Structure formats: structure tokens, C-alpha cells
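The residues making up each chain are set out below.
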Amino acid sequence: MSTRQIDGLSRRAFLASSSAFALAALAGRSLAQEVKNIDPSIAEKITIADPSLDLPPADGPFRWLDSGGQKGVFYRQFFPKYAETRGIEVVYDGLPWNEIATVLPLGIRNGSAPDAFNLPNGMPPAVAVAEGWVQPLDDLIPDLDAWKAGFPAGSFVEGVNVIEGKTYGLPYTSERRCSSLLLFSRKAMELTEFDPGPGAPLTWDQFRTAAAQITKNSGGSMFGLIMGGNQGNRWSANLVQLANRGGAACASSVAGCLSCVDYRTGEIVVDKDEFVEAMELLLAIRDDGSMFPGIMSLNAPQARAFVEQGGAGMILQGPWNVPIWEANNPDFDFGLAPTPAPEGKDGKTIVDALPSAANTMYVNAAAKNPAYAADVFHYMGTLDGQVAWGNVVGPSDPPIFPKAAEEAEMSERSKAVIALQEKQVRVSPVVYARSPGFTKVAQLYEEPTPNLANVVQGLYTGQLSGVKESLSKLKDAMNAALDKAITDANAEGANVRREDLVYSDWDPSVDYAS
Amino acid sequence: MAGVKLTGVAKKFGAVEVIRGVDIEIGEGEFCVFVGPSGCGKSTLLRMIAGLEEITAGSVEIGGRRVNDIDPSERGTAMVFQTYALYPHMTVSQNMGFGLRMNGVPKPEIAKRVAEAARILQIEPLLDRKPKQLSGGQRQRVAIGRAIVRDPQVFLFDEPLSNLDAELRVATRLEIAKLHGQLQGSTMIYVTHDQVEAMTLADRIVVLRDGRVEQMGEPMELYERPANLFVAGFIGSPKMNFIKLRATGDGGQPAAELPDGSRFALSGPEANGAATLGVRADGLKPVDRDGVFTGEITVVEQLGDAVFVYVRTPWGQEIVARFEPGAKVRVGERISFALGGRTHFFDADGRGLTGVTPGNTISEARLSA
Amino acid sequence: MSATELHIPHTPAATRQGLAARIWKSRIDYLFLVPGLLIFGAFIVWPLIASEYYSLLNWTGFGAAKKFVGLQNYRELLQDEFFLNAFKRSFLFTLATVPLQMFISLVFAILLNNKLLKLSTLFRTMIFLPVVTPVVVIAIVIALMLSPFNGPINGLLLDAGLFERAVDFLGSPQLVLWTLAGVFVWKWTGVTLIYWLAALQTVPEELYEAAKLDGVKTWQVTVFVVLPIIAPFAVVIGLISAIAALNVFPLIQSTTQGGPFFASEVMEVFIFRIAFAPSGGMVPQLGYASAAGVLFGLAVMILTIFQIVAVRRARRKDPANG
Amino acid sequence: MADVALSHSSAITSRQSFLNPRRRRLITSVVLAAICIVWVYPLVWMVSASFKSNSEIFAGGGLIPENPTFENFVRAWHEANIGAYFFNTLFVTVGSVLITTISAALMGYALGRRPFPGRATLFGLMLFTLFIPQGYTIIPVFELLSNLGLGQSLWGLMLATCGHSIVIFTLLFAGYFSQMPKELEEASRMDGVGPVKTFWYVMLPLSKPIIVTVVVMQTLQAWNDFLLPLVITLANPALRTLSVGIYSFRGEHFIDWGGMTAGSTITIVPVIILFLFLQRYFIDGLAGAVKG
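Top line first, the protein sequences correspond to chains A, Z, G and V. Residue numbers are given in the working numbering: position 203 of the first sequence equals residue 203, and the series is strictly consecutive. Residue numbers are given in the working numbering: position 127 of the second sequence equals residue 127, and the series is strictly consecutive. Residue numbers are given in the working numbering: position 151 of the third sequence equals residue 151, and the series is strictly consecutive. Residue numbers are given in the working numbering: position 245 of the fourth sequence equals residue 245, and the series is strictly consecutive.
Chain A on its own, in the form it takes in the complex:
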């Protein structure tokens, strides 16, 4: 807990944590559609400099695939302009994560994969490199080192976007996000005795009371809390982040071999008291009758919409709600606060690494237009590009350059979210950097079923009983799966040990850095 040392990011845990966004990005897809009132002047503010390198004539259209959502909002404005400036044709596809997971491998195999893409969720970049899907940027971006130097420390991490010394991914958005902010309708909150805000989180008890008061005082027209209950990642993210606030120091992964690992001890902590109590909090709210009915058939965007429409007062969701609500319904008066914390606690929200692994872009090894991919990558790694990004995307996927986040034009609320996240979110150690053999573990790891998200759902619907027992059982299953993956990886020469997960010097209240 003294010196800081960033070795790199746990790709797998990382990807896993980002699969929170993975499924949220199913929702993400909807964002593109939902944000209708984009200010067209934003596109005008995108300035595209001269090419960073000599660009050959394009071979067919330049194709870009990512998971859409807010990214789609940006690229749908960026690429037409880029295409015009460079005189090429660009095809942009924004697909939900589960579709990327199916499409991309198939596309790679039959040669139809785009020039630049997000890797499927859960796929360690080392695997993509080993399978020959992607090519390094080293030869594509001439001034690579200078370009990389413009990024904040911790952006390029061995095992995450750097493999065996070669740089593969473009890490252009920050993972410093809290996906379980307390977002609420002010009208609803007025029915309670509380007045939360970015600097004034609710305690768990207050949170529960507020939910009950909204339900009761609205005369049944509004429920206190809503969640996208059929979206597993919302359950796990909310549970882990509630537990985080109670002091559990682990990332809110829904899956992956290193989910819910407290690196101080290297143990999976999913059945610790913080978790049990967080779960009991959700069950209490359910039993109070303060939870919106039928959340098990709602996904996150639906849940979000019900808040906007006045069906529910509060929701635990990510920063991306802010621009969506602001764009869709400027009259909707909502507020935000950090995730509620247990009385007297103020734990940090933990993420697995600084750059968003999910958003990291890669160049297809068989790209027809790698130079253009590199050109766009280069642009996105400049302050211009980062500001342009921040202007559009706001706090949802914050630009990785802190300066860009400051310079970008955002609403007050968006700025407040970014400030809150800077204060609240901390980066954990990355085991892949210190023990590269863990990439093998990540490949071989077989997620137990039910996973954390399933267990939380099962407890909520009453199909599982006994919070502690269920979570302990889950922990055992996760431990067994992890140990098996380590054994299997060692059989293939990974040379790793469970003890590699222990970072006794880690202080969860500050970013872990090398």
C-alpha cells in the first residue's frame, strides 16, 4: 500500500469490466437513435488537420466498426467530414457488442472485416495478436513515440494495448467512469426529505427511505427506484459499486477471470460483508415496494426512459444518461449524485485500467486501407481530436486527455459528472503488466454459470435464497474457475501463480501507478 506501480492492465478483467458497457452498449446502440437533438454546429467545430502521414489512394471504402452508441453519434458526424477532406469513401458501422462478438470473427475469417474495429468483448488483445487479427501501429504511425507521449500516463499498458513491446490499440477514451451514479428526477426528489448532489451522496438508509417516500408520496404514480433488470450487467455493476462505496476494493466486472478481485489480497471478495449488505439493500427496497414493477422485463434504456417520463424517481446508471436526457428532453429536470454509500463510508469506485479497453480501436491485419486507419487513430490521439470527441460525447466516454475534457464544450451537468468521476473513480493494478502469463489465463478462463449478474438477478427474483450463501457459492465457483484456468495456463507455459494477483502496496483510494 505504499509505492505505486502500474504494470499494465489486466486485459481480461479489463475487457470484462468493460463488458458492463458491453451490454450497456446494446443500449449504446440506442443512444445513437435516442440523441436526436444534436447541435449541428458541433460537426463544424471538428477540424481535421492535414494527414499525419503520406496516404496512398484508398482501396475501396475505408471501413470502421465499433459498438456505436455515443461513439456512433460522434463518428456519424466526423466521418462525412473526414471523407470529404481526404477525398475517400467511409463506411461506418456501429453494432451492439453481442453482434460484434459474432460478426468480427466471422468477418476476419471470410475477409470481410473492416479496416478498424473494436475487439469483441472478452477477447484479450493478446489473443487477437496471436491469431493474427490485428497489426501493430508501430509501422503505420511514423512519429509513434511522440504521438504516444501526448497521452496521459497509464494510457499505454503492456498486456492491454501494447503486446510484446508493439503498440496495437488506440486508447482514446478514459475508463474513469462511474456506471452507477445516482441519477434522479428533481420532481421526485422533492417528494422526499433529501437533497442529494455531486458533493452530497445519500447514505444507503437515506437512499432506501427516499425510494419509499417517492413511492408513497406520489400516490402510486411513481416508484422510487428503477433498474434495467433484464440486463445482467446493470445488476452486477450496481452491486459492485454499492459495495465499492462500502469499501470493497474491486472492479465492477460482470465477468472475466479477474472480476471482483481485491488486489490487496489477491482474493475474490464477492461474498464479503459489503456485497452482502449491498444486496440486502436492494432486496429491502424491493420489499418496501419502492422498486418499479416489472423491472425484470426492462432493459437499461427502457428504465432510463421511465425516469424521464416520471414513472420512477431514481436510477443507478452511468454518465451517458446525462447527454441523452439533455438532448431528448431539455425540460427534464434531473440531478445526480455519487453512488449511495453506507453510513460513514466513502469508498472509491474501482476500474481496472485508465484507458477504456472496450473502446480501444485496432487495425485489421488484413486491412485494405491501414493508412487511413492510422490517420484517424493519429487524429484521435491529438488534442484537436480529443476535444472534438469531448464536444460530442461529453461525459459518457470521456476523452482520455484530461485537457480535452476541460476544453470540450459540455453542459454544466456533464462537467459535474466528469469532476465527480475524477474524484470518485480510481484505477486498480493491472496484473497482465506484471505477469504477462495472465493473458493465457484470461484466454482459458471459463466463466462459471451463474455468474455474479445472474446471482444478483436470482436473489432479486427470489429464485435464489440466502444472500451470503449464494455469494459464497459464487465465490467458490469463481475461485475454482480461476484456479483451473491458472493450472491450464501453466500447462501451456504461462508460468503464473495465484499470488501474482497480490499487490500489497495498493491503496484503493488512489490510482495505482508504476
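Don't read these hints as lab results, they were simulated from the structure. Heads up, a few of these hints could be off.
Label-pair restraints from in silico Cβ distances [said to hold, decoys possible]:
| no. | chain 1 | residue 1 | chain 2 | residue 2 | range |
| --- | --- | --- | --- | --- | --- |
| 1 | V | Ala-120 | Z | Ala-57 | 38 to 46 Å |
| 2 | Z | Glu-218 | G | Arg-27 | 28 to 36 Å |
| 3 | V | Val-94 | Z | Arg-212 | 55 to 63 Å |
| 4 | V | Ala-120 | Z | Thr-354 | 47 to 55 Å |
| 5 | V | Pro-21 | G | Thr-202 | 18 to 26 Å |
| 6 | A | Lys-468 | V | Val-94 | 57 to 65 Å |
| 7 | G | Leu-31 | V | Ile-273 | 31 to 39 Å |
| 8 | Z | Gly-21 | G | Pro-228 | 47 to 55 Å |
Per the computed footprint, the stretches of chain G lying under chain A, defined by three or more beta-carbons under 8 Å from a beta-carbon of chain A, are [stated by the list, open to error]:
| no. | region |
| --- | --- |
| 9 | 165 to 178 |
| 10 | 222 to 230 |
Beyond 12 Å from chain G on every Cβ pair, some chain A residues (computed) [as the list claims (entries may be wrong)]:
| no. | residue |
| --- | --- |
| 11 | Gln-77 |
| 12 | Arg-86 |
| 13 | Glu-89 |
| 14 | Pro-105 |
| 15 | Lys-187 |
| 16 | Gly-229 |
| 17 | Ala-284 |
| 18 | Pro-293 |
| 19 | Gly-344 |
| 20 | Glu-446 |
| 21 | Ala-513 |
In this text, all values refer to a predicted model and were calculated from it rather than measured experimentally. Built from N, CA and C at the ideal position, the CB exists for glycine as well.
With chain A's structure known, arrange chains Z, G and V on it following the hints.
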């Protein structure tokens, strides 16, 4: 025009032998009827001539040309099916012209031939109808018309009348007979299980049983001189009466004993082998005395032009005899018969015996004496 | 009549010719088969064979790393409670839907089989409408209709005072499978109705007339005359319906995806989840999913064979339908 | 049926004479009508909702929209891209119907009528596959299409869609053809018409009931198909079919009930019209399937 010659023709379905070496020669322009009970192979034989069934052994010649391996359509035959096999979705004229059309015959030629066939069959008003809109008899004509337009050397009819009602059957039978006259020189082969059709239509009848030819000949020849029990029983209506005989010839004088023990003398070279007596209804004459046998009348059928009287013999057999119209007979009466007309004798294997004639009744008295 | 003769040629003749000669002789027949066989082979037989091969692998379905593991997938499956539960649910679902669907459609069929009922075609069409409505649309409509918030059905139930709180038909683990079964029955009853109507056509009109003259009541005719006559059809109809009920993937995938907490996860959804849509960062396991498919296929086949045997028996018992 | 069994004798009693056949029929009709209205209520509700604003839908209310609007349809058409999806679906449907019908008819003819060596084996194989769930075979199917270069094309989708029910259709045709009198073929054979022409001019026109059944069933199949187009069009949303399009539209517009119902309404109208036109043949054909 051509004749048809079958030599040693055989057909097997797997291990089942359906046709067992058939030799038939049908002359040009002849109307030949294959007759026999169900399952005798007559239809199969016809279909082998048509080319619809493969020939396992032997050869089929049409017009002197061996056609075993020639496609049905090339054999110069046309077939009229029992079920008519009209194409339900085509009009009458389309039905008749279909084969020609498919084989690229020019349209005017098709029209001409269809019109000609329709004229012959008097179905001109029906040409635009669909088979569904036709009566059974009309359908039958269309089916024949379809054969006619092909101008075949050999017409093949597979039980063409069996789907018609009794009255229509008689009428259509006549039509077919007329048609044979009209279509000069066309060879026709006709399959039926109905011996009346065979008798009325045929120039020559082939009686088949179990895939073998039992007898072949002109109708009256078969009627009068059946080669065996089977033919004798099959041809003629009502069915010939068969009475079991026990040969009791002692020494030079052959005689036969009826089941009731009464006896009569036989003459002829093969008389000793006689095992069955066959006598048609009109071969029994009622007599006051010296009858061959006496029986009791059980049923009297008045047909108008004749009366059929069924008599139970002392040994319990039912025998039918033909009486002239107006004959005064009543059920329950006893009546004696003598062998008054043609009689037939068959040996133990059912083979017809030639030249055997019955003699006098050998009375009980003489016997006992 | 030479009916018997007519049938003989149909049996494939084992003539003295060799197989090669017979094949050559049937060359045109094979030509007829070509397009169908291509489709059949490519999209049915090959995938089946491939699946059985995959079921012996430890393979994600994407990467090149295929590891032959023999029957390990099968061994694991038999201990996988999610597999066993999905298996159980599939059969429960079938057991719930098939008799219900058959009964409802039979009642409809008996009522609609009246020639004098002028509107019977209209009614039949109405009952058939859900059949022609795409499953995805059904899923949407049902989700909206049954929504515990604002949904018209819950509105009705609450207004009628039947429940105090809205019923979460698709979100409650206790209700979801039965809700889906109800939706399934609703969607497909129209087809079964047609089958029953066809079966009823085989009841000779004279029987109704005879019963009428005998002074037998409607229900008596139905129970004692009509039902026994159409009973043999029940087996066929049941078979068709059972096969259909085992293929509920589109309905469940487009409504609950097997949730909540696997409460509506039937076999096909399980297979799909393992093969394609693992939650979170789970890796697809095509080999495992294939093994599940093979096991399930085997079970369905055994069930089918049982039913076919039953059909045969029923037919044999009733020579009228032989 | 209600009147069928009303007996002579019992009709005399007063209770029965009140329930005379006509009245009974009337009562049956009324009851059936009520049930049928409930039966189609969800669909009627859907159509009704498609003409309402979202706020009106949420407010509940009757089936008749207070302020009928076409806005939902406009929105659904544009945002769900229904126009393009419609033609994709049409293309796949028409193509697969043609291919399936012809292949199934040809194969059914050979299986039903021609005693070629291997017939029994093929029959057995087809029956065997009939009962095996096909949901999980999508990966090999996709691999195959990819290897053929059709992995991301409507042609590939069309072909794969043909695979769904080819066995059932073939068996339907085979059953139907095997019941046809063989004299028809023999007659045409005597006429010198070859097997192909006989099939085309004689057998195929006669199998119209089965053709209609297969056309309708395959249309329903292609129009409804979900998993296959979902996977095949994943990489290229421009190729989506209506079902997939509506499904993803739903994923994006969970709260836009008006848009969803409008999109759904647009999707089902063509199939329903097709069904109404062909229902007699279709129902006869289906009925044949169970009798045969």
C-alpha cells in the same frame, strides 16, 4: 398396321412370377381379348406390350419388330386406361392433343387429328370441357380419343369399361365394337375380367390364369370346346355346371357314377379318364323318367327370354338349368334331368377330354340285376 | 378388377439387373433429386454432421484452437444443472402446451365444423391470425400488452380489482414459463384447429344424420360418435404439435431471452446462449452447445419414435383408418 | 354442429323447442364471436395503438384513437428502415419460395413415385432429420455460406432459408404425388412425353394444393425467420429482414410503443393479405398434411 407376337414372354416381380412363358400371336387388324380372373396377369401382359412393364424374358414383336427395349411411345401402341387417366387440368382437346404437342407436332396438324377423333367418337361439343365436367362414358370416349389421335398400329384397352354402370357398359361395348370396324385394320388388344365383353367383342380370346395361357381361340370355339375346367367355368353365363364323376367302367364299357350312385355309360377314346362332367344350363333337359339325376327346385329366376332353374341334387349340389320362357316350374318340385345337349368331360387334372359322349343311364334295376 | 396387379410395379423391383444398371436407368430420377438434395445436404445433413463433430471438441466456434475432448462435453452436460433444467423446461413446456392447444382447438373445431354456421370462415380466420403474425411482432405486442406498467392487461386486472399490484407476467420467475406457454398456445392454436377440421371431414355426414334420427343429443354424438372416429388423428396432430412446441426459440428469444434468471430458459435458448450469446465476458462454447443439441435431438427423436409407434398402434386398432 | 343432433323426439319438449337449431346456432355464433374478439384483441390493440400518440397509449383508453396520427408509421418507416428491410425480406421470401417449391416438388416427385435405388434410404434419412432441432446448426450453416462467398449476402440468406422446411415440404409433395394415379404418367409415357415434361406439364399442375401450401408455409417461414437472418445480416445491417429489423428497432425504441406497434403493423399486413387471399388453398393443403 401390325400384328403382335409374344414369344415365351415372362415377367417376374422379385421372386414372384407373374407371367410364365406366354406365346400369343395376334394378327393384324384382329380384336383380341385377354380375359381371366383378377391377378391372372392379363393387365401385366398388356402393359408389357405397351412397354409400361419390363419384359423379364421372351420377346414381344409388333409388326414384326422386336420391341422389348423400345420406349412405349415408339412402339406404335396407344393405351386406354381403366381409370381413363385423363389429365384433370386440361380440356378434352388438350388432353387428346397433349402427346402430339409435347412431341412437337405442328398445331394445325394436332387440331386436325383431334377434330377427326372427336368426330369419330361424337364428342365434338365436349372439346372445351375439363374431365371433371364429363360423365363416365364421355370420359371413356375422350380416353379412346386420346388413343386415336396418335394413330397407333395397336390399340391397348385395359378394362376400359369396368368403371361404367351396367347400361353404359353395354352401350360403350357396342361403340368399341363399331370403332374397331371404323378403324380399318387396327389391331386391338383388350383386357377384361368380364367374359361377356370378351365373347361379344373378340375376334379371338386369350384366357389367362396365373400367368399362363389356358386357352386361345375364337369365342365360340372356347365356348364349345373349352380346353379345361378353368376355361369351361370361366366362359359362358350362367357358369357351367360341374359334377364330380367316379369312373366305374368295368371291362370294355366305360361308365361314370354320379355322387348319388346313379350311373350312365360313356363312350369315346378317353372315356375312362373322365373325372368331371360339365354341362351348361341349356344342356340339361327335364325328363319324366330315365333322367341322369333328380333334384328339388330351390330358386326360379325369370329372365323373360329364359328361365333359370336352380335344382338341389340329392348329393347337395346346386345345378342350374335353362328352361324356355313360360315353363311351369315351382320351387319345391322335384324334377329329373337328362343330358340333352353338349356335354363336356374333364380328366382328373381338369383337362378337357375330346370325343367323350354320355350314353344311357344305367338303371338301378339293371345294376342290381 | 386388377387392382392388385396395379400395385405390384410400385415396389422397387429387385430385378435381375445389377445395381449399377438400375441406377443408370434411374438417372433422370437422380436429376430430379439434385436441387433438393443440395439444399438438404448443405443446410440440414452437413450441419448435423458438423455439430456432432463439434460436440466432441472444446471449441469456442471462432478461434482456430479446436481441441478434441471426446465425450467430455457430454459428461459435463449431464452434471450441468442449467442444461438439465432447460431440458426439463422444454418438456414441461411441451407437456403444458400440447394438450392445452389440442383441447382448445378441438373445441373450436367442433363448434366451427357446422356447415350452417354462417360466420364459421370468419371465426376460423380470426383464430388463424396469430399464426400468420411473425413471432417478433407477437413478442412485441405481448410485451406491451402484459407490461406491468401501463400495460392494458394489467390495467384491466387492476381495474377489476383482481390484484392489488400489477402482475409481472414476463418478469416473474414463477409465471414466465406459463405466460409464454399461453402465448405459444394462442399463436399456434389456429394451425391445430385446421388439422382437427380436416379430421372432422372424415366423419361421414350419414353418421350425424343417423344419430339425429336416433334422437341422440349433440354432446352425445360428439363424445360417443365423433371423438372415437377422429381419435386416431389425435396422435398425428399431437406429434406435429409436440415438434412445434420444442421449437420455441424465436418466441422466447424475442421476449425474455430465457430470463429472468433462466426461469424461461428452454433447451434451444440454452444452446443459443452457450453457443452465441454468453453473458458478460463468457466465452462461447460451441462444442458444448453442440453436445447439448445432440443430446436434445436424441431425446426428441426417442420421443418421436414412441409417438410414431403409438400412431401405428392406433391405426392398426382402427381398420377404418388403416 | 349445434343443430346436428337436435333430435326429432326431444325437439318436441318445450325447453328444446326454445333452443331450436336456429337459436342454438345464434348462441354458438355469439359466444364464438366473443371468444374470437378476445382472441384477436392483442392484434387489434396493436393496430389501434399504432395510430395513437405514445401518451395516448400510456393513458389507456379505448381502441379507437382520439387523435388518429400517422406519425408513428412515418417514424417507423424511416427509423426502422422498414422500406429497405421490406424489400430485403421480399427478395429473400420470393427467392426462397421459388427455390424451395421447385426443389421440394422435384424431390418429392422422385421420392413419391420413382422407384430409384436408394429411395428408402433417402426417405429414412429425411424422416430422421425431421425431428432434430436445427437451432444450433447455425454455425456450420454460416461457415458453409462463408466458404461459398455468400456469408453476407441476401443470396446466402435466401439459400439457407430454403433449408428450414425442405424436408417437410418434400414429404408433403411425396405423399401427394404417391397418391396420384400412376396411369397419368403412363398415359403421358405412352404419348411419348419424357419424365421431365410429364412432371412439368402433368404432375406439377396437379399438385396445386400442395404448391399453395408450400408457398404459404415457406412465405410464413421466410417472413418470420429470425435466428438465421439475425446471424447472417449481423455484419451488414443494410441486409436485414423485417423480423430482424423490427427486433432491433424494438431494441432501440423500447419506450416508443407507437413506433413499435406501427412497425409491427406494417410488417404483418403483407402476410395477412397473402393469407386472406390464399387461405382456402392453404387450409386445404394443411389439412391434407394431417390426413395424408
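We went through each hint and held it up to the structure:
no.: 1; hint: V:Ala-120 with Z:Ala-57: 38 to 46 Å; result: violated (27 Å)
no.: 2; hint: Z:Glu-218 with G:Arg-27: 28 to 36 Å; result: violated (46 Å)
no.: 3; hint: V:Val-94 with Z:Arg-212: 55 to 63 Å; result: holds (59 Å)
no.: 4; hint: V:Ala-120 with Z:Thr-354: 47 to 55 Å; result: holds (53 Å)
no.: 5; hint: V:Pro-21 with G:Thr-202: 18 to 26 Å; result: holds (24 Å)
no.: 6; hint: A:Lys-468 with V:Val-94: 57 to 65 Å; result: holds (60 Å)
no.: 7; hint: G:Leu-31 with V:Ile-273: 31 to 39 Å; result: holds (37 Å)
no.: 8; hint: Z:Gly-21 with G:Pro-228: 47 to 55 Å; result: holds (52 Å)
no.: 9; hint: 165 to 178; result: holds (count 7)
no.: 10; hint: 222 to 230; result: violated (count 0)
no.: 11; hint: Gln-77; result: holds (31 Å)
no.: 12; hint: Arg-86; result: holds (33 Å)
no.: 13; hint: Glu-89; result: holds (29 Å)
no.: 14; hint: Pro-105; result: violated (4 Å)
no.: 15; hint: Lys-187; result: holds (18 Å)
no.: 16; hint: Gly-229; result: violated (7 Å)
no.: 17; hint: Ala-284; result: holds (17 Å)
no.: 18; hint: Pro-293; result: violated (4 Å)
no.: 19; hint: Gly-344; result: holds (32 Å)
no.: 20; hint: Glu-446; result: violated (7 Å)
no.: 21; hint: Ala-513; result: holds (25 Å)
Violated hints, listed in ascending order, are 1, 2, 10, 14, 16, 18 and 20; each of the other numbered hints is respected by the structure.
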